[in-house]
Amino acid sequence: MDSKLDAYALSRDDYNPPPLIEPGHTFGSVTEQIAAIVLTRRHPYSWVFGLFVGFMLSMMLLMAITWLLIKGTGIWGVNVPVGWGFAIINFVWWIGIGHAGTLISAILLLLKQDWRTSINRFAEAMTLFAVVCAGIFPLIHTGRPWLAAYWLLPYPNTMSIWPQFRSPLIWDIFAVSTYLTVSLLFWYVGLVPDLATLRDRAKSLHIRRLFGLLALGWRGSARHWERYEAAYLLLAGLSTPLVLSVHTVVSFDFAIGIIPGWHATIFPPYFVAGAIYAGFAMVLTLAIPLRVLYGLQDFLTMRHLENMGKVMLVTGLIVGYGYVMEAFFGFYSANRYEEYMILNRMTGPYWPFYWTLILCNILTPQFLWIKSVRTSPIKLFLIAMVVNVGMWLERFVIVITSLHRDFLPSSWGMYWPTRWDLMTFFGTIGLFVTLFFLFVRVLPMISIFEMRTVVPAAKVRGGKAH
Amino acid sequence: MNHTAAGSTLYGLMAEFEDPTALVEAARRTYDEGYRRFDSFSPFPIHEVFAAMHLEDRRVPWLVLGGGITGLLAGLGLQVWVSAYAYPLNIGGRPLLSWPMFVPVTFELTILFAALAAVFGMFILNGLPMPYHPVFNVPRFTAHASQDSFFLAIEAVDPKFDRQGTRAFLQGLGAKEVNDVEE
Chain L
1 MDSKLDAYAL
11 SRDDYNPPPL
21 IEPGHTFGSV
31 TEQIAAIVLT
41 RRHPYSWVFG
51 LFVGFMLSMM
61 LLMAITWLLI
71 KGTGIWGVNV
81 PVGWGFAIIN
91 FVWWIGIGHA
101 GTLISAILLL
111 LKQDWRTSIN
121 RFAEAMTLFA
131 VVCAGIFPLI
141 HTGRPWLAAY
151 WLLPYPNTMS
161 IWPQFRSPLI
171 WDIFAVSTYL
181 TVSLLFWYVG
191 LVPDLATLRD
201 RAKSLHIRRL
211 FGLLALGWRG
221 SARHWERYEA
231 AYLLLAGLST
241 PLVLSVHTVV
251 SFDFAIGIIP
261 GWHATIFPPY
271 FVAGAIYAGF
281 AMVLTLAIPL
291 RVLYGLQDFL
301 TMRHLENMGK
311 VMLVTGLIVG
321 YGYVMEAFFG
331 FYSANRYEEY
341 MILNRMTGPY
351 WPFYWTLILC
361 NILTPQFLWI
371 KSVRTSPIKL
381 FLIAMVVNVG
391 MWLERFVIVI
401 TSLHRDFLPS
411 SWGMYWPTRW
421 DLMTFFGTIG
431 LFVTLFFLFV
441 RVLPMISIFE
451 MRTVVPAAKV
461 RGGKAH
Chain G
1 MNHTAAGSTL
11 YGLMAEFEDP
21 TALVEAARRT
31 YDEGYRRFDS
41 FSPFPIHEVF
51 AAMHLEDRRV
61 PWLVLGGGIT
71 GLLAGLGLQV
81 WVSAYAYPLN
91 IGGRPLLSWP
101 MFVPVTFELT
111 ILFAALAAVF
121 GMFILNGLPM
131 PYHPVFNVPR
141 FTAHASQDSF
151 FLAIEAVDPK
161 FDRQGTRAFL
171 QGLGAKEVND
181 VEE
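If you read the protein sequences in the order shown, they are chains L and G. For the first sequence, this note's numbering begins at 1 and goes up steadily by one. For the second sequence, this note's numbering begins at 1 and goes up steadily by one.
Don't read these hints as lab results, they were simulated from the structure. Just so it is clear, the structure is predicted and the values come from calculations on it, not from any experiment. Glycine included, every Cβ here is placed at the ideal spot set by N, Cα and C. A couple of the hints might just be wrong.
[Unchecked claim] Pair ranges (Cβ atoms, derived):
#1 L:Arg336 x G:Gly66: 50 to 56 Å
#2 G:Pro139 x L:Thr142: 32 to 38 Å
#3 L:Leu139 x G:Gly93: 51 to 57 Å
#4 G:Ser98 x L:Leu110: 44 to 50 Å
#5 L:Pro241 x G:Gln164: 54 to 60 Å
#6 L:Ile161 x G:His54: 55 to 61 Å
#7 G:Gly172 x L:Leu293: 45 to 51 Å
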């Protein structure tokens with residue numbers, strides 16, 4: 001027993017994780033390499049191509065929304081009994097993707113996982129853009145968004161009516177708008193020291209002024225850094241319960257209702273795990289091409305990719321547990337509607353969606369147990385893409401199969417999206433791509449000042465903090 | 001009053017150091033020497049410097065607590081007022097003060113106000129935005145402070161400040177170079 005413990009302690013001490021940054025880097029080289037992407041380097045043609053595709057799809061989104069506002073939600077596939085279709089599916093999918101960014105920037109910071117340093121900036125940007133895409137759906141699904149203001153926001157209006165605070169849809173508004181605001185603040189606070197670096201490195205006066213304006217006159221004073229770190233840590237502490245609450249509230253949209261297939265207590269934890277799962281898949285989808293295109297292999301090392309693969313495996317298993325429990329409680333409930341719903345989900349007209357979802361979200365990620373898969377960028381990328389699809393299918397299955405066969409067979413129906421549904425969905429993907437490509441062009445996609453702290457020279461010799 | 005060669009007022013003296021270790025040592029000795037109006041500048045936060053300068057500002061956490069409490073009261077107050085007084089809806093005789101249903105919005109507003117207090121409190125306490133500051137007048141500072149070098153500046157208003165003495169003191173700390181900082 002004792003010898004076993006000793007062996008464990010020894011192996012813990014001997015464990016030397018691979019470095020977070022390739023050897024040989026100095027403060028200057030880190031600064032130079034990341035800042036150059038914004039300030040001096042030419043951008044690859046693939047960047048221009050990607051932006052072009054994203055921009056065209058965004059234009060399609062505008063077209064789809066314009067037509068929606070002219071004609072109304074009748075152009076979508078929703079009808080009785082499926083009143084919730086693509087809008088809610090895509091909303092939940094996008095908002096889930098955002099969760100990994102906050103997890104990386106906040107929870108991994110509190111857990112002192114310093115490998116987050118290379119990925120937090122663009123993961124936070126991903127969060128912001130995903131929440132922007134998500135926010136479009138609840139706004140436009142009202143069909144008349146200019147009226148949505150008094151349905152959703154509590155403000156004194158001439159009709160003297162107020163929103164219903166007992167509705168999870170109102171909770172959603174507060175959760176998502178708080179999430180967007182706090183994510184934006186977190187991202188901006190992290191950017192300020194880097195904006196100062198760009199200000200000091202910019203050659204052109206206009207660019208220097210622009211970055212100078214955004215950097216607020218940051219000068220790296222120790223008195224500032226001390227309060228800065230306190231505020232940053234507190235923001236991380238606030239964001240951690242926030243991110244858990246956001247997808248919990250999103251799951252309440254379903255779980256508070258009495259529809260079989262939605263009314264389940266497993267929903268909040270299972271939605272949160274699914275969100276992190278989907279988010280890490282999206283971070284990998286973005287990180288793997290980026291590190292090659294911009295030559296960032298020194299900062300986004302194999303260790304980062306492998307760790308993200310591990311997080312995906314763990315959250316994927318939690319999600320798998322959620323599916324098993326959903327099925328178990330369906331059959332165990334002794335409620336014929338619950339039983340029928342889960343049977344219909346597995347064997348009804350939408351069975352291919354359900355089983356593809358199981359294949360994408362439960363079976364495929366099991367390859368991540370194998371180290372050679374976790375350390376192969378191409379295999380990781382493929383698994384991440386499969387999970388992206390799988391998580392979208394999950395929302396489709398939850399929303400559609402729970403609704404399409406109502407309690408009475410006389411009110412059964414089928415739901416299929418129309419071309420406007422599809423154009424809106426792919427349009428938001430285009431918007432996401434556009435925003436992300438522009439971000440990569442104008443702001444440092446890796447936190448420069450935090451990368452300096454992992455350079456070996458950053459360690460103070462012979463001293464101990466505090 | 002102290003004047004520089006160019007004839008403008010002297011803000012202070014600035015020393016440049018090679019690495020974080022040298023800056024920590026310099027900050028410690030400057031503090032021990034009795035200087036209080038001085039500051040260190042580094043391209044990333046160095047905890048040892050905070051300790052050496054005896055920095056301990058607890059106002060940000062208190063502001064965050066205040067923000068959180070304000071958000072909590074505002075959120076709860078809004079919902080209670082709307083649901084029970086301004087717009088009471090009798091739905092099957094269910095209670096108007098159904099406080100468990102008010103938890104999510106109260107929670108979100110608590111977080112929102114606390115986060116706003118953290119960010120704006122930090123920037124205001126730091127005196128930012130401040131586009132102009134005398135330290136930017138030192139060319140070495142503008143070119144390196146936000147990238148790869150470490151600086152320590154002692155202000156001329158410090159009671160112990162003496163132009164020749166302080167310069168000699170800074171050079172004695174192993175500074176790469178010591179520059180005048182013009183106001």
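**Asked** At the C-beta level, are Leu139 of chain L and Gly93 of chain G separated by a distance inside 51 to 57 Å?
**Response** violated (35 Å)
**Request:** Mind checking the hinted window 32 to 38 Å against the Cβ distance between Pro139 of chain G and Thr142 of chain L?
**Result:** The hint (32 to 38 Å, Cβ to Cβ) is violated, given that Pro139 of chain G and Thr142 of chain L are roughly 57 Å apart.
**Request:** Can you let me know if the beta-carbon spacing of Ser98 of chain G and Leu110 of chain L is within 44 to 50 Å?
**Result:** At 34 Å between Cβs, range violated.
**Request:** Kindly confirm whether 55 to 61 Å is satisfied by the beta carbon distance between Ile161 of chain L and His54 of chain G.
**Result:** Given range 55 to 61 Å: holds, Cβ gap about 57 Å.
**Prompt:** Honestly, do Pro241 of chain L and Gln164 of chain G meet the 54 to 60 Å range at C-beta?
**Reply:** Cβ of Pro241 of chain L to Cβ of Gln164 of chain G: about 56 Å, so the range 54 to 60 Å holds.
**Prompt:** Does the Cβ distance between Arg336 of chain L and Gly66 of chain G fall inside 50 to 56 Å?
**Reply:** Roughly 54 Å apart at Cβ, these two residues keep to the hinted range, so it holds.
**Request:** Can you let me know if the beta-carbon spacing of Gly172 of chain G and Leu293 of chain L is within 45 to 51 Å?
**Result:** Roughly 50 Å apart at Cβ, these two residues keep to the hinted range, so it holds.
Hints 2, 3, 4, counting from the list given before, are not met by this structure.
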